[in-house]
Amino acid sequence: MPDLLLELYSEEIPARMQAVAQENLRKLVTGKLVDAGLTYEGTKAFSTPRRLALTVQGMLARAPDFREEKKGPRVGAPDGAIQGFLKSAGLKSIGEAKIQQDKKGDFYVALIERKGRPAAEVIAEIVPEVVRNFPWPKSMRWGAGTLAWVRPLHSILCTFGPETEEPEVVHFEIDGIKSGNITFGHPMLAPGPIEVKRTGDWMEKLHKARVVVDRDWRKAEIMADAKNLALAQGLELVEDEGLLDEVAGLVERPVVLVGEFDKTYLDLPPEVIRATIRNNQKCFVLRDAKTGKLANKFILVSNLEAKDGGAAIKAGNARVIRARLADAKFFWEQDRKIKLEERAKKLEGIVFHKKLGTQAERVERIARLAAELAPIVKADPKKKAAQAARLAKTDLVTEMVGEFPELQGLMGKYYALAEKIDPEVAAAIEEHYKPQGPSDRVPTAPVSVAVALADKIDTLVGFWAIDEKPTGSKDPYALRRAALGVLRIILDNRLPISLRSLVESHLEHSFHKPYLSEASRIDNLMAFFEDRLKVQLRDQHARHDLVDAVLEIGSLVEGEAATLVVDRVTALGKFLDTEDGKNLLVGFRRAANILRDEEKRDKRHYSDEPSEKLFSLPEEKSLFSSIQAAEQAAATALSKNDYESAMAAIAKLRAPVDAFFDKVTVNADDPKLRENRLKLLDRIRAATRPVADFSKIGG
Amino acid sequence: MTQLAAESLKPERSFQGLILALQTFWAEQGCVILQPYDMEMGAGTFHPATTLRALGPRPWKAAYVQPSRRPKDGRYGENPNRLQHYYQFQAILKPSPADIQELYLKSLARIGIDQKLHDIRFVEDDWESPTLGASGLGWECWCDGMEVSQFTYFQQVAGFECTPVSGELTYGLERLAMYVQGVENVFDLNFNGREDAEKVTYGDVFLQAEQEYSRYNFEAADTEMLFRHFKDAEEECKRILKIGDKDKRHEMALPAYDQCIKASHIFNLLDARGVISVTERQSYIARVRELAKACGAAWLKTAGGGAAALKA
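Chains as they are written, first to last, in the working numbering: chain A, 92 to 790; chain B, 7 to 318.
Bound-form chain A, shown alone (with noise of 0.2 Å):
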């Protein structure tokens, strides 16, 4: 069967953008391909940074033929119906049309027949509408031409055929640019014009004009001699698959290089070298694999295999690093001249939004949430964590921040550290932003936690009460994760703090009128973080029904703490795990089913006391009994927070309730039994709810 190969030839693609265009290179293809008929075995997409390809295995080389039988309108149909039939059926008269009978009468039929079409044909008509529509993130036009691509796109080559005979160039033109079966190779190395037949033989020749078309073979081939290198060096490789994606996506073919820096520089915190050496040249850090520490030495991967060697090559990059490392040094010594307390001057000059003022005015207000939270976090005492609040952002006026903004907090450290400030205020002046991202460590350190929290929640307070809240996917001050961070340092430490009363202490001392502080708005807030708590959970895998059968009893919009709500919906979730849990769910129901259609008949609630003097049967005394014992038992532990031995109360009733249900018939012909016996089944339905509102629960 036939393979397809296709080749985009172009000036260099971005590094970021190929491993996406290779794929949406794949889908959009075969997706187009398959709509037209032409199934295949097996596709693979390929790219460098001078193109983009794609091979199709296995194809059909011609789709198959369409026959179809379209049912239309019955003989006499009104002419409008029949035109419509005539066009949807593309039938010039009705004449054409079959007439077939069924149960009703007579209706017209039409035989729709296509030919299947070569799929040379059909290729020659999805190529260029897949690159006249590429969804590139960016993408420009050149010269004097129309047609828009990522960079100039400058050849393209199309093959298709069966592996045993001559493949065919798959004609079509694309802006001026006519299809062919001519690659070039290496831009430096083997520039000139390659003709191509299939797949098998543009590797091979490609390879042999340098240029390694697949990208996990190149990244891998980068790992290995880098790894390797390193070994042969006696040190280890310093991981870090995000800098491996974006080298592999600038060379056609890797050439794996050591280089040397000047010792000196190791006196610089290992991940200020890193982030010089990683984000200006693109460059990998070597460690000693035995003490874990930076040595002088760097991987690089460079697109040529010199001829000196690469000589010049670690010569010329050395010289760049040596630069750039001596640059971060003048930064390390310039920024130690300052304290960071006279640094925090220099906040009041920066405007941190326009409607929430300065970053020295955002840092009076964190640092107040800071004491405030404290003793709540066992900070002690309240002033380290006001201390490190006023510190935690004065890193931001430093060089090495404004050269390298990813170290912000870590360089508060290391400068707080330098002048002998306390170890704890110069860790929370680093973890104050964390957690970052879903992966990112939670602060534990009392003080951290007291300034990670005042940080979130004066910032989402703050947008709050400016009326800036998130909408669909627009979240340019990152609200979402700050709301998540809050969440997750309050669980991960185990807060029993109100969330609620947080907020609204915070609003009250630090965002007076003109601010918006109306309850409706903090209800707003407190709803965001409950959607965050959702999401979180639903990401730990917990039943949805769950989280929201507890939230009903009690949600973080009431005030309730978060740590709260979690541990009901794990001891739900526990308790309907078992026999009685899941036997008293369906007592449960049954008694509100019940109860909901006799409410709905006689137009009224049965939500008063039973009388125990119209009890005739012992199993309605016993169940009452149960009931009032159960509700003593359960609010006792609820006073306690021990929910579990609150659903282990709840679970008793179990058994009275299926010996109610088997022995009691609710609907008496005795009217005051059954209006005794509906008032009994509400006392199940209100027993439960201090627990969980067990209506939420599905499944």
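Treat the hints as calculated values from the structure; they're not laboratory data.
Just so you know, not all the hints are guaranteed correct.
[Said to hold, decoys possible] Covered stretches of chain B (chain A as the covering partner; in silico rule of three or more C-beta atoms under 8 Å from a C-beta of chain A):
(1) 93-104
(2) 117-126
(3) 129-139
(4) 152-162
(5) 169-179
Backbone N, C-alpha and C define an ideal beta-carbon position, used for all residues, glycine too.
Using the hints, position chain B against chain A.
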């Protein structure tokens, strides 16, 4: 030419030799070789031969050196890499030819960068100039890990779509020269390619200027006067644009654009003096952009901008 003269003009030997080699190379490609524009500007792109000529349908090929003034980058001559005044070499080709990348590589070979020895890389770097209302896609070009040029396909200038698209190449001359001369400090560059008593370094030519201008830019420039001059340039630009506008034609697009260049440089000076706050900054940039857009619109109504000749 004597042996000595020829030797001293090799791009590896002298700063001026490098400039001459680039000029000769681009002249061979049919570019008009212009001289620097006689105004202070932050980058070669501001030269009307780029900004304005990139607009409209008429083909255009030019190359020139442009002194670039970046008041904020001054370091009193103490930093080996940073200058408040440096040279850019600019080539603009409109429409961008299919082989522009090859031409660029050949130009590097011409100044002594052997591509079988050095690792040349095109690393994504999209360009945007908020003051010019301009943007383009392209790369920063790396030689052994060092950025030596900026390569841009203009998509928009002065708020107008570029059709056809111009290809712009900007070489950081000092950096390139440092690389090919193997020098670590810009002030050590050999300027004239001679040795010993006859040798003139970049420092001999510019060190004093860097010191003096750093003082002026950061400490001495009269900010009140500059604020006034900014306003003057802005008003003059608008005034010229208004009186030059003859409905379908514009008769003074170029003088108006000079005032836009002037306003932009004064803004840079004010910025270096630290008297423009973060919020004000945006509004100043927007004001210059408005001028640039209006000048672009005026240019499109001139012969150079491709407006049809008026009927007699």
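Do the hints match the structure? See the list:
1. Counting residues of the stretch 93-104 of chain B whose CB lies closer than 8 Å to any CB of chain A gives 4, so the stated coverage by that chain holds, three being the minimum.
2. Requiring three or more residues with a Cβ within less than 8 Å of a Cβ of chain A, the coverage given for the stretch 117-126 of chain B holds, as 6 such residues are present.
3. Here the stretch 129-139 of chain B counts 3 residues with a CB under 8 Å from a CB of chain A, which clears the bar of 3, and the coverage holds.
4. Counting residues of the stretch 152-162 of chain B whose beta carbon lies closer than 8 Å to any beta carbon of chain A gives 3, which reaches the threshold of three, so the coverage claim holds.
5. Here's how the stretch 169-179 of chain B fares: 4 of its residues keep a CB closer than 8 Å to some CB of chain A, so the rule of at least three is met and the hint holds.
Of the numbered hints given earlier, the model fails none.
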